[in-house]
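Undergrad: Keeping their order, the protein sequence lines are chains A and B.
The opening residue of the first sequence carries number 1 in this note's numbering; numbering runs sequentially from there.
The opening residue of the second sequence carries number 1001 in this note's numbering; numbering runs sequentially from there.
Derived from the structure by calculation, the hints contain no laboratory data.
Warning: the hint list may mix true and false statements.
Calculated Cβ distances over 12 Å to all of chain A for the following chain B residues [stated by the list, open to error]:
id	residue
1	L1091
2	S1262
3	S1268
4	K1270
5	P1311
What the simulated footprint calls covered on chain A by chain B, stretch by stretch (three residues with Cβ under 8 Å from a Cβ of chain B suffice, anywhere in the stretch; the number is not a length) [as the list claims (entries may be wrong)]:
id	stretch
6	31-41
7	58-71
8	245-255
9	309-322
The structure displayed is predicted, hence computed values, not measured ones.
Ideal Cβ positions, reconstructed from N, Cα and C, are used throughout, including at glycine.
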Amino acid sequence: MYKNCLKKFFHWKLIITYLTVILGLTVVLTTTLGAAHIPPLVVLKILLTKLPLINHLIIPSWSIGEATIILQIRLPRIILGMLVGAALGVAGTAMQGLFKNPMADPYIMGISSGAALGAILTIVFGLTIFGMYTIPLMAFICAAAAIFLVYNIASVRGKLPVSTLLLAGIAVTLFLSAIISFLMYTAGEQLHGIVFWLMGGLWGRNWNHVMMAFPFIFLGTILIHIFARDLNVMLIGEEPAQHLGIEVETLKKIIILSVSLITAAAVSVSGIIGFVGLVIPHIMRILVGPDHRVLLPSSALVGGIFLVWADTLARTIVAPTEIPVGIITALFGAPFFIYLLRTRKRSMF
Amino acid sequence: MEDEAIKNKRSRLLSLILMGILMLSGLGGLSEVLAANEFPLAVTDDLGRNVTISSEPQSIISLTPSNTEILFALELEDRVMAVSEYCNYPLEAQNKIKIGGFSTINIEKVVSLKPDLVLATGGVQEAVVEELERLGLTVIALNAKSIEEVFENIRLVGKAAGQLEAARELTTKLEQRTKAVTDKAKDLPDSQRPRVFYEIQYEPLMTAGPGTFIDDLIHLVGGVNIASDAAAKYPVYNLETLIERNPEVIIISFWHGSIAASVEGVKSRKRWQIIDAVKNNRVYGINADLVSRPGPRIVDGIEEMARFIHPDLFRE
Chain A
1 MYKNCLKKFF HWKLIITYLT VILGLTVVLT TTLGAAHIPP LVVLKILLTK LPLINHLIIP
61 SWSIGEATII LQIRLPRIIL GMLVGAALGV AGTAMQGLFK NPMADPYIMG ISSGAALGAI
121 LTIVFGLTIF GMYTIPLMAF ICAAAAIFLV YNIASVRGKL PVSTLLLAGI AVTLFLSAII
181 SFLMYTAGEQ LHGIVFWLMG GLWGRNWNHV MMAFPFIFLG TILIHIFARD LNVMLIGEEP
241 AQHLGIEVET LKKIIILSVS LITAAAVSVS GIIGFVGLVI PHIMRILVGP DHRVLLPSSA
301 LVGGIFLVWA DTLARTIVAP TEIPVGIITA LFGAPFFIYL LRTRKRSMF
Chain B
1001 MEDEAIKNKR SRLLSLILMG ILMLSGLGGL SEVLAANEFP LAVTDDLGRN VTISSEPQSI
1061 ISLTPSNTEI LFALELEDRV MAVSEYCNYP LEAQNKIKIG GFSTINIEKV VSLKPDLVLA
1121 TGGVQEAVVE ELERLGLTVI ALNAKSIEEV FENIRLVGKA AGQLEAAREL TTKLEQRTKA
1181 VTDKAKDLPD SQRPRVFYEI QYEPLMTAGP GTFIDDLIHL VGGVNIASDA AAKYPVYNLE
1241 TLIERNPEVI IISFWHGSIA ASVEGVKSRK RWQIIDAVKN NRVYGINADL VSRPGPRIVD
1301 GIEEMARFIH PDLFRE
């Protein structure tokens, strides 16, 4: 038994190490790909100037424009893609585990429609209270408000019945969607901006967006990881978990709060990117098994890898025209997921 | 209601027969006169539909802002019964009855007003055109894709409304003004054609690609639209490419009564500081209606774009 555990532990460690290396390679590799024509070697040199110790060895042979493109446009976008992908991967895994529902995703608490409403109100009424960051901040505030609403509708005497929570999420989403549709119907010229925001994209993002999203995504992810073992116990059912000493209601609150935090942060900087939060957890559950101690970190890593590559396609495939990344994630992810579903041997949970 | 539809149909049939006889009898002189504004007359609209107008229309409904602008420019404002919600120019147009938005026309209301003529457009309004026609109304759809087609459409409206002479006068003036610009611009060598970026919106960064009036206009006034090779009419544009192609002139859209974009805002964007247009203080704003509506003010748009792109060639 003990030996078995040890073997498992090393096996997990190997998986996580592999995925981390792949993520690192992904970041470097995708930084050499882009709409602007900069030779990969120059890109690598520009990146190396940012590494301590060896940066003084590099002799600059590029223009300010090229450095700006790599360090101020391409790199922050890739890092943000990684963060958002990881956030959606972790959030989806936690929600599916907590609710024991394969249809659960990070947006289930009305977060997507809340964030969308915030962004659309900003666009339609031309709000500028937070300068150029009004859209992300308004999206975050309204997402938080939507979660608060769903939470309060669903809680019965301090308890959160799962089915009520799911239905409350759906009800609030539908209600907010109606308001969104009305605003779009009457939007006129601003319709373009709204549609593109709803499709989701990492276009034009800069380091400030990374800085805005990072603390929430980092803290939330750590918090969920701490409760990985408790999420495992939840898989046997709420009541048995309670008997095994898990504070079920407290756990629910912590997980929901953390998921909401990281999803709202992700959505506020990238719009609503579908598919990643729903399907990456399933794919990883098929590949590494249902234990949250390995499932959560690997979902985060693969979510990051997947979204960075999807966004690289989105920004290069018909350059200089950009494609909403949500189109790419579903277009390439869905067939792969169907393939896995058809060939899998184990059951889902 | 039904009676009227039948009557309408009958009179249309009659006029068709009349037209047929005239053509067959080879009375060249007479059909000339007809072309010069004798009712009933026949016109072909931008959807390729043959429309017969039985008598000089006294009540006209416009379903698009550009159609409204054409009608007012032809001094037909007294005959305009109703317009769309987006018809904001000239100011008097806003006092007319509203028959819904651009893609949300209230068909019942249009029919209830019993106009002699409805001016619509193609695209989203094609179904509306069919429906109104089925309900017995005379509808002309205008859908200009180029500057020349705008002028043609002004003459078409003039003809349909019995004001062909006024329309010819107007378009002659507009064509002269356009020619004054294009004559100066057309022989410019490539080296004197500035790279231009037209910003429709910033979040996400949207520009005007091939097949748009804006792209046409930039070219006509002697500039190069850096988004001419984009894969969509209104693409989201890659920021890397913007910096790489380094536009010498940036023009941003001002929408009436909305959004955040301002010339100062563009100039203060951190990553845009290395772009020539920002460095050399050549960021301008233009009223979006002037460069996107296929109406007479498109010539104002041409002149303004020309001043932005070649300030030394074109002065006010």
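Undergrad: Look at each hint and say if it fits the structure.
TA: Quick rundown of the hints versus the structure:
| no. | hint | verdict |
| --- | --- | --- |
| 1 | L1091 | holds (18 Å) |
| 2 | S1262 | violated (10 Å) |
| 3 | S1268 | violated (9 Å) |
| 4 | K1270 | violated (8 Å) |
| 5 | P1311 | holds (25 Å) |
| 6 | 31-41 | holds (count 4) |
| 7 | 58-71 | holds (count 4) |
| 8 | 245-255 | violated (count 0) |
| 9 | 309-322 | holds (count 6) |
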